[in-house]
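*Asks:* Sequence:
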Amino acid sequence: MLFVTFVVVALLSLAPGSPAAVILGENATPEAVAALEANLGLDDPVWMQWLHWLQGAVTGDFGTSLVTNQGVLDSIVERLPVTLELAVLAQLMALIISIPMAFAAARRPGKIADRSANFVTSILLSLPAFVAAPLFVYFFAVQLGWFPVTGWTPLGDGIGANLQSAFLPAFCVALIEVASLQRILRSDLITTLREDYVVAARAKGLGGAYIMLRHAFRPSSFSLVTVAAIGFGRLLGGTIIVEAFFSLPGVGQLVSNAVNSRDLITVQGVVAFIAIIYVLLNTLVDVGYGMLDPRVRLAGAR
Numbered sequence: 001m002l003f004v005t006f007v008v009v010a011l012l013s014l015a016p017g018s019p020a021a022v023i024l025g026e027n028a029t030p031e032a033v034a035a036l037e038a039n040l041g042l043d044d045p046v047w048m049q050w051l052h053w054l055q056g057a058v059t060g061d062f063g064t065s066l067v068t069n070q071g072v073l074d075s076i077v078e079r080l081p082v083t084l085e086l087a088v089l090a091q092l093m094a095l096i097i098s099i100p101m102a103f104a105a106a107r108r109p110g111k112i113a114d115r116s117a118n119f120v121t122s123i124l125l126s127l128p129a130f131v132a133a134p135l136f137v138y139f140f141a142v143q144l145g146w147f148p149v150t151g152w153t154p155l156g157d158g159i160g161a162n163l164q165s166a167f168l169p170a171f172c173v174a175l176i177e178v179a180s181l182q183r184i185l186r187s188d189l190i191t192t193l194r195e196d197y198v199v200a201a202r203a204k205g206l207g208g209a210y211i212m213l214r215h216a217f218r219p220s221s222f223s224l225v226t227v228a229a230i231g232f233g234r235l236l237g238g239t240i241i242v243e244a245f246f247s248l249p250g251v252g253q254l255v256s257n258a259v260n261s262r263d264l265i266t267v268q269g270v271v272a273f274i275a276i277i278y279v280l281l282n283t284l285v286d287v288g289y290g291m292l293d294p295r296v297r298l299a300g301a302r
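First residue of the sequence shown: 1, per the numbering used here; consecutive thereafter.
These are calculated hints, taken from the structure and not from any lab test.
Glycine included, each C-beta is placed from N, C-alpha and C at the ideal position.
Warning: the hint list may mix true and false statements.
Computed spacing ranges between beta-carbons, pair by pair [as the list claims (entries may be wrong)]: (1) N69 / S116: 46 to 56 angstroms; (2) D61 / F3: 15 to 25 angstroms; (3) S256 / G160: 23 to 33 angstroms.
The whole structure should be built from the sequences, with the hints applied where relevant.
*Replies:* Right, dumping it as structure tokens:
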């Protein structure tokens, strides 16, 4: 986390222009810009700017925006519900679609279901969100009128209207997650289905669906859970393009506006917040391994 926040400061310091010039406007004199930079500490070396920010961050103070004068943590908390709902919906969509696809593909590797799933996931992997978003908007919003083109309806205005505004952006984000989750789970399922205890279950006459769900899915879901957790953390900070395209007031749009205005403090705060989420999610995944497979608990007990 320390390394990530320092790199952000260093990269933004290399960008042309000055936050002071953005704050004062185009007609500001060089003297006024230099004075404001000195007042804000922007003329200090990069490492000193980072240390000043870090002193507040370790106590939960992520600083104050150079542009809006609003607390960075307050800005994140204000916009987090939109991004969080988008990430949760996208991850649920990805899991609901990818798990049955992986089951169908792993039951008969190399057959038509497996080849079809591989073809679909190859297309999804090559379809970035900035391409999928306008395509979906054109077909489902403009042509069919099923969803609004842009904008966001809060949950307080009704869950139906909220889901209608959130579905398309969440689906755009979920597509790549579907491809990666399906391929990872398919590979692990194929390996697990070759284990001796699965072969023994088949010899007992147990059905294929029962074996898949009861004996193969849980021990095959280690990689799935890991990638899904990391993917969820990535979704919290990686929906900038989708949020900008659909005009969603989330954390992604906050970062986009902060980068355009060179609001260094806001960018640092958002990056640090997302890094914390990553660390927490990975910790929860490590703890959850023992719940997924008793062999992990037994190994730890030894």
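*Asks:* Determine for every hint whether it applies to the structure shown.
*Replies:* Hints and how they fare:
1. N69 / S116: 46 to 56 angstroms: 55 angstroms, holds
2. D61 / F3: 15 to 25 angstroms: 20 angstroms, holds
3. S256 / G160: 23 to 33 angstroms: 29 angstroms, holds
Going down the numbered hints, you'll see the structure goes against none, and every one checks out.
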